[in-house]
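Start from the sequences and build out the full structure, keeping to the hints where you can.
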Amino acid sequence: MYNWNVTPILAGEFGMVRDDIKYRNGDVSNSEMVPSLIYKLSCEDEIVMVDCGFSTPEIYNDMGLEIKREGTFFDIIENNGIDRTKVRHLILTHLHWDHAGNCSLFPNAKIYCQSRELMGIKEHPDIYSPEYLQDFYNSKDRVFLLNGKKELLPGITIDYCGGHTYGSQYVTIHNNGITTIITGDTVMTYKNIKDNTPVGLAVNGTECEAMLEWINKSKPNWILPSHDYKTLKYQKYGKDLV
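When you read off a place in the sequence shown, starting at 1, and then add 1, the result is the number in my numbering.
It is worth saying that the hints were derived from the structure and are not from the lab. Do not take every clue at face value.
Using 27 Å as the maximum straight-line C-alpha spacing, the simulated BS3-like pairs for lysine-lysine come out as follows [claimed, not checked]:
1. Lys218 with Lys151
2. Lys234 with Lys192
3. Lys41 with Lys192
4. Lys141 with Lys41
5. Lys41 with Lys111
6. Lys41 with Lys69
7. Lys151 with Lys41
Next comes the structure, spelled out in C-alpha coordinates:
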(Lines of atoms letter the chains of each structure in order from A; the text may use other names.)
(Lines give C-alpha, C1' and ligand atoms only; values in the text may rest on other atoms or scores of the structure.)
Protein backbone atom coordinates (compact mmCIF):
# COMPACT_ATOMS: atom_id res chain seq x y z
CA MET A 2 0.00 0.00 0.00
CA TYR A 3 1.49 3.32 -1.08
CA ASN A 4 1.20 6.29 1.29
CA TRP A 5 2.45 9.29 -0.66
CA ASN A 6 3.93 12.40 0.91
CA VAL A 7 3.51 15.44 -1.35
CA THR A 8 6.16 18.14 -0.97
CA PRO A 9 6.16 21.40 -2.98
CA ILE A 10 9.67 22.71 -3.61
CA LEU A 11 10.67 26.26 -4.55
CA ALA A 12 12.95 25.74 -7.55
CA GLY A 13 13.44 29.44 -8.28
CA GLU A 14 11.55 32.64 -9.04
CA PHE A 15 11.05 34.80 -12.11
CA GLY A 16 9.29 37.96 -13.18
CA MET A 17 7.91 40.32 -13.68
CA VAL A 18 4.81 38.36 -14.72
CA ARG A 19 1.79 40.43 -15.74
CA ASP A 20 -1.67 39.72 -14.36
CA ASP A 21 -3.05 39.11 -17.85
CA ILE A 22 -0.78 36.04 -18.01
CA LYS A 23 -2.22 34.59 -14.82
CA TYR A 24 -5.82 35.77 -15.21
CA ARG A 25 -8.10 36.21 -18.18
CA ASN A 26 -8.61 39.95 -18.74
CA GLY A 27 -6.05 40.66 -16.02
CA ASP A 28 -4.50 44.09 -15.51
CA VAL A 29 -1.55 44.43 -17.90
CA SER A 30 -0.10 47.21 -15.73
CA ASN A 31 0.17 44.97 -12.68
CA SER A 32 3.05 42.49 -12.48
CA GLU A 33 5.08 40.60 -9.87
CA MET A 34 7.63 37.88 -9.27
CA VAL A 35 6.24 34.35 -9.23
CA PRO A 36 7.61 31.09 -7.83
CA SER A 37 8.71 28.19 -9.98
CA LEU A 38 7.41 25.16 -8.09
CA ILE A 39 8.19 21.50 -8.53
CA TYR A 40 6.83 18.58 -6.52
CA LYS A 41 8.34 15.60 -4.75
CA LEU A 42 6.03 12.61 -4.27
CA SER A 43 7.68 10.20 -1.87
CA CYS A 44 6.80 6.84 -0.35
CA GLU A 45 9.52 4.88 1.44
CA ASP A 46 12.30 4.53 -1.17
CA GLU A 47 10.17 5.63 -4.14
CA ILE A 48 10.34 9.24 -5.37
CA VAL A 49 8.28 10.64 -8.23
CA MET A 50 8.99 14.18 -9.44
CA VAL A 51 6.40 16.47 -10.98
CA ASP A 52 8.11 19.06 -13.21
CA CYS A 53 11.78 19.98 -13.02
CA GLY A 54 11.93 23.77 -13.19
CA PHE A 55 14.18 25.92 -15.36
CA SER A 56 17.85 25.30 -16.11
CA THR A 57 20.67 27.80 -15.56
CA PRO A 58 19.27 31.35 -15.32
CA GLU A 59 21.79 32.70 -17.87
CA ILE A 60 20.00 30.85 -20.67
CA TYR A 61 16.94 33.04 -20.21
CA ASN A 62 18.60 36.47 -20.28
CA ASP A 63 17.05 37.25 -23.67
CA MET A 64 13.54 36.79 -22.26
CA GLY A 65 13.70 40.08 -20.40
CA LEU A 66 12.85 38.38 -17.12
CA GLU A 67 14.53 38.62 -13.75
CA ILE A 68 15.48 35.08 -12.75
CA LYS A 69 16.31 34.15 -9.15
CA ARG A 70 17.50 30.93 -7.57
CA GLU A 71 19.20 30.11 -4.27
CA GLY A 72 22.16 28.03 -5.40
CA THR A 73 21.88 25.62 -8.31
CA PHE A 74 19.00 23.33 -9.19
CA PHE A 75 21.21 20.44 -8.11
CA ASP A 76 21.63 22.11 -4.68
CA ILE A 77 17.86 22.50 -4.34
CA ILE A 78 17.25 18.84 -5.18
CA GLU A 79 19.94 17.66 -2.78
CA ASN A 80 18.73 19.93 0.04
CA ASN A 81 15.28 18.36 -0.26
CA GLY A 82 16.58 14.85 0.29
CA ILE A 83 16.36 13.74 -3.32
CA ASP A 84 18.90 11.37 -4.82
CA ARG A 85 18.32 12.32 -8.44
CA THR A 86 19.84 9.04 -9.68
CA LYS A 87 17.14 7.07 -7.84
CA VAL A 88 14.17 9.00 -9.24
CA ARG A 89 12.39 6.56 -11.57
CA HIS A 90 9.53 8.76 -12.77
CA LEU A 91 9.40 12.42 -13.89
CA ILE A 92 5.99 13.83 -14.83
CA LEU A 93 6.00 17.03 -16.89
CA THR A 94 2.76 18.98 -16.64
CA HIS A 95 3.77 20.67 -19.91
CA LEU A 96 6.90 21.64 -21.82
CA HIS A 97 7.32 25.34 -21.12
CA TRP A 98 10.82 26.49 -20.18
CA ASP A 99 10.10 26.80 -16.45
CA HIS A 100 8.71 23.26 -16.11
CA ALA A 101 10.93 21.05 -18.27
CA GLY A 102 14.43 22.51 -18.05
CA ASN A 103 16.31 19.86 -16.06
CA CYS A 104 15.25 16.47 -17.40
CA SER A 105 18.88 15.42 -17.83
CA LEU A 106 19.52 15.77 -14.09
CA PHE A 107 17.27 12.75 -13.51
CA PRO A 108 19.15 10.31 -15.75
CA ASN A 109 17.30 7.15 -14.71
CA ALA A 110 13.77 8.56 -14.77
CA LYS A 111 11.09 7.75 -17.28
CA ILE A 112 9.60 11.05 -18.47
CA TYR A 113 5.87 11.42 -19.06
CA CYS A 114 4.03 13.99 -21.16
CA GLN A 115 0.95 13.98 -23.36
CA SER A 116 1.33 13.14 -27.04
CA ARG A 117 -0.77 16.24 -27.79
CA GLU A 118 1.96 18.37 -26.23
CA LEU A 119 4.52 17.09 -28.73
CA MET A 120 2.03 17.54 -31.54
CA GLY A 121 1.47 21.13 -30.42
CA ILE A 122 5.21 21.77 -30.52
CA LYS A 123 5.46 20.46 -34.08
CA GLU A 124 2.44 22.41 -35.31
CA HIS A 125 3.20 25.65 -33.42
CA PRO A 126 7.01 25.98 -33.17
CA ASP A 127 6.68 29.72 -32.52
CA ILE A 128 5.24 28.99 -29.06
CA TYR A 129 8.04 26.66 -27.91
CA SER A 130 11.60 27.84 -28.40
CA PRO A 131 13.91 24.96 -29.46
CA GLU A 132 16.64 26.39 -27.23
CA TYR A 133 14.52 25.96 -24.11
CA LEU A 134 13.50 22.43 -25.14
CA GLN A 135 17.03 21.20 -25.76
CA ASP A 136 17.36 19.46 -22.40
CA PHE A 137 14.06 17.66 -23.01
CA TYR A 138 15.16 16.62 -26.51
CA ASN A 139 18.45 15.33 -25.12
CA SER A 140 16.39 13.02 -22.90
CA LYS A 141 13.99 11.87 -25.63
CA ASP A 142 14.95 8.20 -25.35
CA ARG A 143 13.34 8.18 -21.90
CA VAL A 144 10.13 9.97 -22.89
CA PHE A 145 6.81 8.13 -22.71
CA LEU A 146 3.92 9.79 -24.53
CA LEU A 147 0.46 9.49 -23.00
CA ASN A 148 -2.94 9.71 -24.62
CA GLY A 149 -5.10 10.89 -21.78
CA LYS A 150 -5.35 9.14 -18.42
CA LYS A 151 -2.72 6.84 -16.91
CA GLU A 152 -2.27 5.33 -13.45
CA LEU A 153 1.46 5.67 -12.95
CA LEU A 154 1.65 3.90 -9.60
CA PRO A 155 -1.04 2.98 -7.06
CA GLY A 156 -2.37 6.32 -5.81
CA ILE A 157 -0.85 8.47 -8.59
CA THR A 158 -2.81 9.25 -11.76
CA ILE A 159 -1.87 11.48 -14.69
CA ASP A 160 -4.58 12.94 -16.93
CA TYR A 161 -4.95 15.38 -19.81
CA CYS A 162 -6.54 18.78 -19.21
CA GLY A 163 -5.16 20.99 -22.02
CA GLY A 164 -6.02 24.66 -21.81
CA HIS A 165 -2.72 26.34 -20.99
CA THR A 166 -0.86 24.39 -23.67
CA TYR A 167 -1.94 21.84 -26.26
CA GLY A 168 -1.05 18.90 -24.05
CA SER A 169 -1.14 20.17 -20.48
CA GLN A 170 -1.74 17.47 -17.89
CA TYR A 171 -2.41 17.32 -14.16
CA VAL A 172 -1.60 14.82 -11.43
CA THR A 173 -3.96 13.33 -8.85
CA ILE A 174 -2.67 11.69 -5.67
CA HIS A 175 -4.98 9.52 -3.54
CA ASN A 176 -3.95 8.81 0.05
CA ASN A 177 -6.30 7.13 2.52
CA GLY A 178 -9.34 9.07 1.35
CA ILE A 179 -7.38 12.33 0.84
CA THR A 180 -7.20 13.64 -2.72
CA THR A 181 -4.50 16.06 -3.86
CA ILE A 182 -4.19 17.52 -7.35
CA ILE A 183 -1.18 19.22 -8.93
CA THR A 184 -2.65 21.45 -11.59
CA GLY A 185 0.29 22.57 -13.70
CA ASP A 186 -0.32 25.96 -15.31
CA THR A 187 -3.92 25.40 -16.36
CA VAL A 188 -4.51 26.72 -12.84
CA MET A 189 -1.60 28.99 -11.87
CA THR A 190 -2.78 30.45 -8.56
CA TYR A 191 -5.43 30.06 -5.86
CA LYS A 192 -7.03 33.25 -7.13
CA ASN A 193 -7.95 31.40 -10.35
CA ILE A 194 -10.04 29.04 -8.23
CA LYS A 195 -11.39 31.52 -5.69
CA ASP A 196 -12.59 33.98 -8.34
CA ASN A 197 -13.40 31.27 -10.91
CA THR A 198 -11.11 33.09 -13.35
CA PRO A 199 -9.25 31.04 -15.97
CA VAL A 200 -5.59 31.70 -16.70
CA GLY A 201 -4.86 34.35 -19.30
CA LEU A 202 -2.05 32.53 -21.11
CA ALA A 203 -3.94 29.72 -22.82
CA VAL A 204 -4.31 28.05 -26.20
CA ASN A 205 -7.81 26.82 -25.32
CA GLY A 206 -9.87 28.93 -22.95
CA THR A 207 -12.75 26.45 -22.89
CA GLU A 208 -10.48 23.74 -21.49
CA CYS A 209 -9.27 26.13 -18.79
CA GLU A 210 -12.88 26.79 -17.82
CA ALA A 211 -13.56 23.05 -17.78
CA MET A 212 -10.64 22.46 -15.41
CA LEU A 213 -11.99 25.02 -12.94
CA GLU A 214 -15.45 23.49 -13.20
CA TRP A 215 -14.03 20.02 -12.55
CA ILE A 216 -12.14 21.26 -9.47
CA ASN A 217 -15.26 22.91 -8.07
CA LYS A 218 -17.33 19.77 -8.62
CA SER A 219 -14.82 17.16 -7.45
CA LYS A 220 -13.67 19.23 -4.44
CA PRO A 221 -10.22 17.69 -3.86
CA ASN A 222 -8.79 18.06 -0.37
CA TRP A 223 -5.64 19.80 -1.59
CA ILE A 224 -5.09 21.88 -4.73
CA LEU A 225 -1.51 22.72 -5.68
CA PRO A 226 -0.96 25.30 -8.46
CA SER A 227 2.45 25.97 -10.00
CA HIS A 228 2.93 29.71 -9.46
CA ASP A 229 1.53 30.67 -6.06
CA TYR A 230 3.77 31.14 -3.01
CA LYS A 231 0.90 29.98 -0.80
CA THR A 232 1.32 26.50 -2.24
CA LEU A 233 4.45 26.11 -0.09
CA LYS A 234 2.24 26.43 3.01
CA TYR A 235 -0.64 24.21 1.91
CA GLN A 236 -0.27 21.62 4.69
CA LYS A 237 -0.50 24.36 7.32
CA TYR A 238 -3.37 26.44 5.98
CA GLY A 239 -5.40 23.98 3.90
CA LYS A 240 -8.76 25.19 2.60
CA ASP A 241 -8.04 28.76 3.76
CA LEU A 242 -5.73 29.12 0.76
CA VAL A 243 -8.59 29.02 -1.74
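Here is how each hint holds up against the structure:
The suggested pairing of Lys218 with Lys151 holds, with an alpha-carbon distance near 21 Å, which does not exceed 27 Å. Using a Cα cut-off of 27 Å, the hinted pair Lys234 and Lys192 holds, with the two alpha carbons roughly 15 Å apart. For the given pair, Lys41 sits about 24 Å from Lys192 by alpha-carbon distance, which is consistent with the 27 Å threshold. Of the supplied pair hints, the one linking Lys141 and Lys41 holds, its CA atoms being roughly 22 Å apart against a limit of 27 Å.
Taken as a hint, the Lys41 and Lys111 pair is honoured in the structure, with Cα atoms around 15 Å apart against an allowance of 27 Å. Distance check on the hinted pair: Lys41 and Lys69 sit about 21 Å apart at the alpha-carbon level, within 27 Å; holds. Of the supplied pair hints, the one linking Lys151 and Lys41 holds, its CA atoms being roughly 19 Å apart against a limit of 27 Å.
Checked against the numbered hints above, the structure breaks none of them.
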